[in-house]
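First to last, the sequence lines map onto chains D and C. Here the first sequence is numbered in the numbering used here, starting from 1 and rising by one per residue. Here the second sequence is numbered in the numbering used here, starting from 1001 and rising by one per residue.
FYI, nobody ran anything at the bench for these hints, they're computed from the structure. Hints may contain errors.
Just a few of them, taken from the derived set where beta-carbon distance is under 10 Å, the chain D residues facing chain C [stated by the list, open to error]:
#1 V129
#2 H160
#3 N164
#4 N169
#5 L173
#6 M175
#7 F178
#8 A250
#9 A254
#10 V256
#11 I301
#12 H310
#13 F333
#14 Q336
#15 A347
#16 I358
Heads up, the beta-carbon is just placed ideally off N, CA and C, and yes, glycines get one too.
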Amino acid sequence: MSISADESVPTTKAKVLKTLKSAINAVLIPLLAVFTALVIGALIIKAAGGGPLDAYKGLFQGALGSLKALSETTVWATPYIFAGLAVALAFKGGLFNIGAEGQLALGAVAAAWVGYALPDVLGVTLPAVIHVPLAVGAGMLAGAIWGAIPGWLKARTGGHEVINTIMMNYIALNMTSFLLNGPMKDPNPLNVVARTPGIAESARIPPVFPGLRFHWGFILALLVTGIVWWVLWKTTLGFEIRTVGANPDAARYAGVSVSRTIVVTMTLSGLLAGLAGAIEVTALNYRHELGFSVGYGFDAIAIALLGKVHPLGVVLAALLFGAMRNGATRMQFLTQIPVDVISVIQALILLFVAADAIIRWIYRIRAREERVVLTRGWGG
Amino acid sequence: MDWRRFGFIALIILVLIGVVVMVGATQVSPTVIVVSMLATTISVATPLTLGALSGIYCERAGVVNIGIEGMMLASAFFGWFGAIYLNTILKVAPMPSLLLGVVAAILTGGLLGLLHAVLSVTYKVDQIIGGTVINILAIGITGFLNRQLFFEKGSIFGGEVPHAPGVLPRFHIPLLADLPLVGRVFEQQPIAVSAVVLVLVTHFVLFYTRWGLRTRAVGEHPRAADTVGINVARMRYANVIIGGLIAGLAGAYFTLESVPSFEPLMTNGRGFISLAAMIFGNWSPFGAWASALVFGAAQALQINLQFFREQIPPQWAFLQQAYIVGLVPYLLTMVILTGIIGKTTPPAADGQPYEK
């Protein structure tokens, strides 16, 4: 009795310590990666003839300096969370979805079409409780289909998803350009840009606070993060996705249908990316405009990796990237440093997270965890 | 030789040329159309051929390189920047500026090849991720420098894009270009010609030299290669850097041979299509070249059809839309990659880091 009591106290303590230690370890490398990337970014700004300190001050102010800045940061972070989850989910299943960009764009187009055209096509006025879910659902469906195609091709023919999702991006881009310049173009005689008409009042998710662009999409994104976590770690489907991702041969041996899981993973991944686009249309912009989503897909990859392919990590990484993108506008306004420098810093963050050996070497941190296999060449 | 594959490739090219001949037959003689199509095909296939060759060097040595797109983009920028800097600031004559610009582009590619080698060979980073890093890095750095150097007041060019020294001139290949009827096909620009030469060189190097044998050994079975005394890491480094240099030459095509200007994201997926060409060509130089010509023909179709705008029946007019024709090469890439022409086999150790 006394022995077990004696042991139980240090065990709990050790457990807490261990959890704390692993939590610190999990964020240590990403934090150092961000720090190192910012230092190199400063050198690049300096080399290009700018003042790094002023630039970063502007960046910080623009990202977190006021209530409005904070609100804008969440506005930026929302699609990043959805798209980052999309890429992370695919990574968990051993698939590299570079196609979030196209899935997101088509999700936005589909949501916009349902938003502005469906009531006329059906000849009825829809109440918001039906119209909003329909528009969001259409966006999710479009993204899901766009993700399912490369998944199906991979499962069926072995065509590599990296090439196919990239090709689907270009096809989606061309299709969107065609639609927004042609059949879906806003017919308003004053309009000269490639954009859809505004969506009907009944398809709009109203803002949370008047005067701020902070919207319900951000809260939904946090909810969806929880759902993705629950699916991945608490359901059979999630177990199958993770098993196929970790070791397809073992999964096959255990009776999991690998090809079915690949298709399902890519479909869910596309669905999340499509949701990102649909929310931008129904909760923020109330229309889709060409070019607004450019770059989300690539950023989402960096976010997923920086977040260590974990839903919670994705939210943190998305907030960081959202803050940087948001602050960059202020930085450019104050210091004339082009916002593109943020892309360089993000690429460097990705580089250091992927090649954490470099970070370990710079900061003399001993290697600890085993390597996580994310993708498997062409053969996969 | 895989004759079935080559027959299939020839058939696609013939069909694509046939479409243009049929559309334009009432206006221009078929010979002129065929010659024009062939000339455009070879020209626009240039970056794809070079990109595919770049991929072949890397992957035959066992390193997957999906960063070719980014290598091309960065090289296109730095080649162009180099040429303009020499011409505008240092007052070098246009022709040497252009040639040194090509050198700058090639070196940029080589440098990124070195980065990829460091990541994938030394640090054993997941090679797909390493390639993605290069792609994102290239987009960021070219976008940043393009705006900072050319569109900011107080930059070296004073805030406006200076007059470019033009593009590399066409040259007249003796004998071939003098042929009747088809002579025009052989009036090409230097990078287009060098792409064809590099196809021959790569084939010879890979299959008839000791270097090539070692490269393939390292890509197929690194442990066996290591056992007989081949330095796996060194072979991989060398081949990935060579691949980078060639991707750099491909980048030079965009800004120094095709058009005399740089646009952000101007490579537009050509690096990825190159990889598809490499896979479709089953990792062989001639196969890759033939596949690149297919994609070239698809783009040549788009370019040449624009001359016959009025010939297209109104119910098909929407196909004439740039965006619709524009997605053909990408769709073709996907269709081809689904393996409609049989299975392709990558080098056995492709994508796997070698642990001693």
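The hints, checked one at a time:
no., hint, in the structure
1, V129, "violated, 36 Å"
2, H160, "holds, 7 Å"
3, N164, "holds, 6 Å"
4, N169, "holds, 8 Å"
5, L173, "holds, 8 Å"
6, M175, "holds, 7 Å"
7, F178, "holds, 4 Å"
8, A250, "violated, 18 Å"
9, A254, "violated, 24 Å"
10, V256, "violated, 23 Å"
11, I301, "holds, 6 Å"
12, H310, "violated, 16 Å"
13, F333, "violated, 14 Å"
14, Q336, "holds, 6 Å"
15, A347, "holds, 4 Å"
16, I358, "holds, 7 Å"
Violated hints, listed in ascending order, are 1, 8, 9, 10, 12, 13; each of the other numbered hints is respected by the structure.
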